[in-house]
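**Student:** In case you want the letters, here they are:
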Amino acid sequence: MRFRSLLLAVICVLAPTAVRAADPALPPASKSIEQVIDQLVDAAITDANVTPAGQADDATVIRRLTLDLVGRIPTTGEVDAYVKSTEADRRAKLVDRLIASPAFVRHQATLFDIMLNPEGDRRGSGAFRAYLTDALKENRPWDKIFREVMLPDENDAKLKGAADFLRGRVSDADKLTADVSVAFFGVNVSCAQCHNHPHVEDWTQDHFYGMKAFLARTFDNGGFLGERGYGTIKYKPTKGPERTAKMMFLTGATIEDANAKDPDAAAMKAEKDALDKAKAAKTPPPAPKFSARAKLVEVALKGENAEFFARSLANRLWHRFLGTGLVSPLDQMHSENRSSHPELLAWLARDTATNGYDIKRLVRGIVMSKTYSRSSRYEASENVPSFKTFAVVRLKPMTPLQLATALKIASTDSASFEGLKPAEFETKMEQIESSAKGFAALIAQPTDNFQIGVGEALLFSNGDRLMKEFLTDGTGTTLGRAKQMKEPKEVVEFLVKTAYGRTATEQETKALVGFIEKRKGREAESYRHVLWALVTAPEFRFSY
Amino acid sequence: MPRNTFCRSAAHAMDRRAFLGGAAAVGATVASDMTQLSVLAAPGANGALKKTQKRIILLWLAGGASQLETWDPKPGATTGGPFRSIQTDVPGLRISELMPKMASRMKTTCVIRGLNTKNGDHGSAAVTMMKGRRDEAALRYPDLGAVVAREMGRADSKVPDYVTFYTQSEGRSMAPGTSGFLGARYAPMELTTNNYPEFIKKLDGITDLDHLERGELRDLLGKQFGQGRNSETMSSQNEAYQRVRGIMASEKLFDITQEPQKVRDRYGPTQFAEQVLIARRLVEAGVPFVRVGRAWWDSHGQNFETHQEMVPELDHVMATLIDDLTERGMMDDVMIVTLAEFGRTPSINASLGRDHFASAWSSTITGCGIKRGSVYGKSDPKGQTVVSEEVDAGSLFATIYSALGLDPNKNYHVGARPIPLVNPGVLPIKAVLQ
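As they're listed, the protein sequences go chains A and B. According to our numbering, the first sequence is numbered sequentially starting from 1. According to our numbering, the second sequence is numbered sequentially starting from 1001.
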């Protein structure tokens, strides 16, 4: 029994459930993304006999949208304007304003950087982030970004930052193979490096080495990416003689390589001379006549092969905004690990592929759905449905920069955001975000099933940076404004509104006012403690 | 990824996969991508074991101490080097003359002489020897400290449950403590700049009562928000804040001046000695796992001078710790382990150094359920290979877990997948268990 469960547990399978372009089971392509999301999610909720949570209130919706789209909490002015608005299309207007903001580009570039470089030590390449920022600014299609990352033009100053993805991995072709497959296709092939899958016939070492054959000719040539036009990958299977890997995409599609054989000595010398010349001149080396990497890009985006690429993008963006993937984990998209909503994933993949892998379009569709704007609170708390049903919204811990930026905004007097022109407001937010980066570096980047350690609680409880950089009471700060107020109740209502964007409840007003009144003569200090308690509580720490 | 090397040895140029014999996958994604981690879902499942409160002090000999100058000397062999061996209090067991104090205390200890761990790369070998196995591409295992913290610590513990000292800079980034899929709850408190943890003391500007009561306000706000909301991450945040006051109260454990001068003198004035003394204070207070890292044993040049300087310190501090724990009646509940990422080559290079060597090296285990005065494993006369009773990282860890009273086959669950403490089929060394 144990043996069997172990086998079942080894999840390394391929063969996605094929979805044809004209699959009659799917809702029509003419429907909007949000309509299809709600239709299919609601149908699954009904099938599961689950009662979904209601829609979140307006203050929660604007907080969630602002955090998810532009990476910060809204100001109290933004919340009030949204809550008071009676326009029927106010949510669409808000979403469009946020998506058009430069902060959307910055925040999404950060998230794409984390997505492509999940291991923190590979991030930090300013050039790669700058490339992503440029690309997202013009809403460059995801397939074009994929092409530019995989086939970077290092002669083009604007594009050469894209080369850092490959450059950081080129010394380890196995790692490069695994990372490319995970990042762009949602498939982790590295488990097939050493053995075929134990009980799924179609999953073999050929898949790993087939992918590796596309990538192993890439190398570092004096700081620039070089690629040889020849060279084969050999591997020793667990059974039988050594094999030469064919270039083979995840679907099993192979590429015939006329240049599989090494060239003669003279041709190799000519190539080496050209490479050395490029190295000496500090220029990118010439591309080979037959580029295996270019073939990978070509085959991966061709026809039905592109399902891997499209499904992975749809799944990852869904996960970004809903906190749970339609397939989880994100790198285990295969037939043994079924999607919670296979039709929805298939429809979204088809939709994004036929609409030019338009990131903004897909994002907008997801956040306009009623599924996205459900409440995270489930009143009958005994039987909270699984997050995989999307019947209740999952809390998302803020990223380090979201949290630090939110702290800055909550500790800045909300009056200082009033009356600014849109461009001035954007500039001010960008400055706030920049000033929050130092503190953000002390906070851990969340992952799925993230746990907050005692280290963070100690940092917030006893570190001096929170006090010195955020909870100060000079002019223009939240605490400075609070000092001008007369009544503890007024202060409490102001602080709760500033931190949480909502009115204080009776219970918390009583507790917080009581805390302040116990500290007569030390009002300023007590306000600071109250603000500390507000910003360290989960209502501040999470997007909910 | 360029690997940082401090010693500039030719050994680093060796292909890592050649070292590994073309074996397993290279880590590719983070374990945290696994969903439905259930390891935290069933607290108290091992309450009976926790009552016994076994604890570990791991003396981590970073960079790779030489087995030939410590536990497995080969005097007279061409590979033996200049030091002699001396008889210990265990009949037939001889160790390096650089360890006279341990030589008279080997009746307390078990020596594992047949380690063959197949990895001579600092970074990945350190991870393997901290975890007892290599990570899978999509699964990051917890290390020994995190497992012991999880199994022996209490959910509401007032003390940290995994503390690691590593104050030298060499090699520190290669062997960080890591809780893998167990998550941040079991991540170590790392001391890298001095012997005193960061943020453990309240700021001067706040009274103790205010510190306490603002924390209570926070808890109240948290409770209100948590109604009808279900999130393991949120629970972990609340737990983290609930542990703050307890951890702050453990501040004095790190303060060596609380210890009588006589005891401090006994351990000695070195940083390593002080950290081991703090480790004793911590385990005495119930901290389940403390690692004291001592760097940097990576003697590619001048191996014998390096060991002449560093081994006597290890000998003295380890012997003192054993005496101290014995006098306090703690040797049945506290285990001392000496371990590194690997040992050193028998062959002596042109710089009179020894290089990385994972084929036949040594470790020791003292205390808890380990058989005192035992020796397991034998290397050949030159120390090149293990000739009998070979041990790999997995069975070493299975032995450690068994000696702590833990079942190495106990499963954690990551999603539906059961993950035992050691890989399936890996067995403890019965011969060295009591």
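Calculated from the structure, these hints are not laboratory results. Glycine is no exception: its CB is placed at the ideal position from the N, C-alpha and C atoms. Be careful, since some hints might not be right.
Stated by the list, open to error - Below 27 Å or equal to it, Euclidean Cα-Cα: the simulated DSS-like pairs (lysine-lysine) are: (1) A/Lys289 - A/Lys279; (2) B/Lys1201 - A/Lys520; (3) B/Lys1118 - A/Lys437; (4) B/Lys1118 - A/Lys468; (5) B/Lys1118 - A/Lys234; (6) A/Lys269 - B/Lys1378; (7) A/Lys246 - A/Lys158; (8) A/Lys518 - B/Lys1223; (9) A/Lys236 - A/Lys160; (10) A/Lys302 - A/Lys289; (11) B/Lys1118 - A/Lys239; (12) A/Lys269 - A/Lys239; (13) B/Lys1101 - A/Lys497; (14) B/Lys1202 - A/Lys236.
As the list claims (entries may be wrong) - Residues of chain B placed beyond 10 Å of chain A at every Cβ, according to the derived structure: (15) Thr1078; (16) Ser1104; (17) Ala1184; (18) Asn1194; (19) Lys1201; (20) Arg1218; (21) Gln1224; (22) Gly1226; (23) Arg1229; (24) Asn1238; (25) Asp1265; (26) Arg1281; (27) Glu1313.
**Student:** Once the closest CB in chain A is found, is it more than 10 Å from B/Ser1104?
**Tutor:** holds, 41 Å
**Student:** Is A/Lys518 within 27 Å of B/Lys1223, Cα to Cα?
**Tutor:** Between A/Lys518 and B/Lys1223 the Cα gap is close to 22 Å, so the pair holds against 27 Å.
**Student:** A cut-off of 10 Å on Cβ-Cβ distance, and B/Glu1313 was said to be off the interface with chain A. Does that hold?
**Tutor:** Per Cβ check, B/Glu1313 is outside 10 Å of chain A; nearest 31 Å; holds.
**Student:** For the pair we were handed, B/Lys1118 and A/Lys234, check the Cα-Cα distance against 27 Å.
**Tutor:** holds, 23 Å
**Student:** Compare the distance between the alpha carbons of B/Lys1118 and A/Lys239 with 27 Å, and conclude whether the hinted pair is satisfied.
**Tutor:** holds, 22 Å
**Student:** Verify that the Cβ of B/Arg1218 lies farther than 10 Å from every Cβ atom of chain A, and report whether the claim holds or is violated.
**Tutor:** violated, 4 Å
**Student:** Is it true that the CA of A/Lys246 sits at most 27 Å from the CA of A/Lys158?
**Tutor:** At roughly 34 Å apart (the allowed maximum being 27 Å), A/Lys158 and A/Lys246 break the hint.
**Student:** Take a quick look at B/Asp1265 and tell me if its Cβ sits farther than 10 Å from every Cβ on chain A, holds or violated.
**Tutor:** Non-interface label stands for B/Asp1265: nearest chain A Cβ at 33 Å, farther than 10 Å.
**Student:** Any Cβ of chain A at or closer than 10 Å to B/Lys1201, or is the non-interface label fine?
**Tutor:** violated, 6 Å
**Student:** For B/Ala1184, which was marked as not at the interface, is the minimum beta-carbon distance to chain A over 10 Å?
**Tutor:** violated, 3 Å
**Student:** Since B/Arg1229 was said not to touch the interface, does its Cβ keep a gap of more than 10 Å from each Cβ of chain A?
**Tutor:** violated, 6 Å
**Student:** Does the structure keep A/Lys269 and A/Lys239 at a Cα separation of 27 Å or less?
**Tutor:** Cα-Cα ~37 Å, so violated.
Consistency with the previously given hints fails for numbers 3, 4, 6, 7, 9, 12, 13, 14, 17, 19, 20, 21, 22, 23, 24, ordered from lowest to highest.
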